[in-house]
Amino acid sequence: MSDKTNISKDSSLIPPSGGGEAFPGKIHEAPGGGIILSKLDDLINWARSNSLWPLTFATSCCGIEYMSVAGAKYDFSRFGFEVARATPRQADVIIIAGTIVNKMAPVLKRLYDQMADPKYVIAMGACAISGGPFFYNTYSVVKGADHVIPVDVYVAGCPPRPEALIHALIKLQEKIKSGLTREQIKQGN
Amino acid sequence: MLNEELKINITEQFPNATFEDSGEWLNINIESKDWLSLAQQLRNDSSLYFNYLFCLTCVDWKSHLTMVYHLSSTKYRHNIVIKSKLDRNKPEIETVSHIWRTAEFHEREVYEMFGVNFLNHPDLRLLILPDGWEGKNPMRKDFEDPINMIKL
Amino acid sequence: MYRETTIIKDSSEGVGEASPSLSGGAGDLIINVGPQHPATHGVLHLVLTLNGETIKKVEPHLGFIHRSIEKMCESLSYRQFIYVTSRMDYLSSHINNHACALCVEKGLQVEIPPRAQVIRVLMDELTRIASHELWWGAMAMDLGAFTPFFHAFRERESINDIMEETCGARLTMNYMVPGGVMQDLHPNFQKKVKDFIQLYKRKIHEYDELVTGNIIFQNRMKNVGYLSPEDAISYGCTGPTARGSGVSSDIRKLYPYEVYDKVEFEEVLETGGDSFARYIVRIREMQQSIRIIEQLIDNIPEGDFQSKTKAVLKLPKGEFYSRVETARGELGVYIVSEGGTTPYRIKFRSPGFSNLSVLDHIARGSKLGDLVAMMGTLDLVIPDIDR
Chain A
1 MSDKTNISKD SSLIPPSGGG EAFPGKIHEA PGGGIILSKL DDLINWARSN
51 SLWPLTFATS CCGIEYMSVA GAKYDFSRFG FEVARATPRQ ADVIIIAGTI
101 VNKMAPVLKR LYDQMADPKY VIAMGACAIS GGPFFYNTYS VVKGADHVIP
151 VDVYVAGCPP RPEALIHALI KLQEKIKSGL TREQIKQGN
Chain B
190 MLNEELKINI TEQFPNATFE DSGEWLNINI ESKDWLSLAQ QLRNDSSLYF
240 NYLFCLTCVD WKSHLTMVYH LSSTKYRHNI VIKSKLDRNK PEIETVSHIW
290 RTAEFHEREV YEMFGVNFLN HPDLRLLILP DGWEGKNPMR KDFEDPINMI
340 KL
Chain C
342 MYRETTIIKD SSEGVGEASP SLSGGAGDLI INVGPQHPAT HGVLHLVLTL
392 NGETIKKVEP HLGFIHRSIE KMCESLSYRQ FIYVTSRMDY LSSHINNHAC
442 ALCVEKGLQV EIPPRAQVIR VLMDELTRIA SHELWWGAMA MDLGAFTPFF
492 HAFRERESIN DIMEETCGAR LTMNYMVPGG VMQDLHPNFQ KKVKDFIQLY
542 KRKIHEYDEL VTGNIIFQNR MKNVGYLSPE DAISYGCTGP TARGSGVSSD
592 IRKLYPYEVY DKVEFEEVLE TGGDSFARYI VRIREMQQSI RIIEQLIDNI
642 PEGDFQSKTK AVLKLPKGEF YSRVETARGE LGVYIVSEGG TTPYRIKFRS
692 PGFSNLSVLD HIARGSKLGD LVAMMGTLDL VIPDIDR
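Protein chains in written order, with this note's numbering: chain A, 1 to 189; chain B, 190 to 341; chain C, 342 to 728.
Note that these hints are calculated values from the structure, not bench results.
Label pairs and their computed distance ranges (CB to CB):
#, chain 1, residue 1, chain 2, residue 2, range
1, B, Arg-314, A, Lys-109, 22 to 28 Å
2, A, Ala-30, C, Lys-533, 55 to 61 Å
3, C, Lys-651, B, Asn-337, 27 to 33 Å
Each residue gets a CB set at the ideal place from its N, CA and C atoms; glycine is no exception.
One chain only, chain A, in its complex shape:
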């Protein structure tokens, strides 16, 4: 396999913004071929971010845009989100697509607890970010999914366009490749 086509010669710890499909590693020329040197952390982060399996969790209208992203026009399996698992034990990322209400919040918490580490959360749509259009005068809506579980990426929109969701997925991939934890990112690394 040619080692010049898709391996960047100069990589740093944080991949360049805009997706960074590059395999993290440096090539050390040696007689008879090349040797790739890399850090194990980078390799593991690269592998993790390119094969995140989402959990099928769609409560309301954003679920239809989520299904459109899974369709053929905006395809998210080219980013590695190929298999949508129905069971949380085999899923990596939970995309909260839809409103969370008081009766559903314990279910969401239990699903999150059942997922294995490392796990990530994307809050899709205005309802999952802050209660959305159902903010005022509703007695049963949880005003934001981050009251229940910690969220990594927020996608705005009601419902967000499929391209917006793909942008959020790529942002999540960048976040994983950077290797920092949630608290470190919050402190403005």
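Based on these hints, arrange chains B and C on the given structure of chain A.
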């Protein structure tokens, strides 16, 4: 069947019924104790044949509650609205879930939202609200929730 | 089957361990088809009582997406509450908005210009096709076939493109306002719809080849979930669920609104009463919708797209009821007004609420694998049920 014939038909058995003809359909106001016999008559009478209950709800006027039933007939295609006033402190009315099976779910919803007790209902418990919301009756006008509700 | 995964959720007791003597007879197994499940089309919790593989009782637990819309609408004005109803049955969002706009117009007694009427019917029929497409793709996916899902979404994307140019959004379009539509059609609308009709007529036979004629599919759907006409009326079923049992219930034919009395289309009725009949009803309805669109697309009258109404709407004191035919059945909007700027009480009579109540009746005595076929043909959208 014209509204006048319906009025004559019903006033014979239920002299306390009052009628309003101003809206789109004929509105009949009856007392809550007459409801079961009127419902059976409307369903079984072959010239009326109201076999399709398409809306069952309750409205909270601040001094009393009113049950509203919208009925229709698939044979003759006439529509009718039946209303019944209930006492606010002890709202009770007979169930009609053995006549129109759709009333089972609708009456459960009215029970949890307004607190109306349906006598002889097969399974009266919460349907949509979470556990622990018995007695809270959120759709009533005096529902207090200082965190979520903004008084305009 | 692992015993540890069957956890009982009894509404009065909380979570406990599975035990055969809890309710039902000895040897009965109680299983959750939980709120998070790929085949329930939303968040529906079913508690099944099984004897071996035969279903003895199905009990739906609702409320996992109850957003208290009726209470919220009591504090929104008559122009504002329409956006919330888009999100109730989001697959036929135009038709929901249409029902609310009709109800408010009944109260205000305004006349809608003919151009707006034709635009409303065109949008309704496009939405109906899109909703049935998604139903078809999702139902085939539940039964195990993944390919129809991609075919369905390909057609849906064409319709979404058409909607997006005119209405501005792909899924929850607030395009119908009391008095007409919000803005005029995009200049490309006619050409794109005509292209879509040509494309659709070429592709519709693929659906029959892929799924309808498949022997495995037919064996899974025929004689499954029989619903008699008397039961359909008594349980209040409307839409394709009732038309699959021979009950004539199309609001577009019985109480026509807008221009439905001026176009020619048939009401599709099947007498089988089983899941296959309901499936065929929806497939034929898509063809009838294309027929309506073909008749109207060349004859859009010129004129205003919105009649003049005041900025702040006040309905007179009284009660108003309007009914339309959504992709799932009859939607009724009942407004009680006290003369102010906000409604006093709104009730949405949703089609899914009554269609769901028939699930227990038709599922008794069938096997567990048939439950998915039945739920698929009832075409439930859970936010519509919970409101």
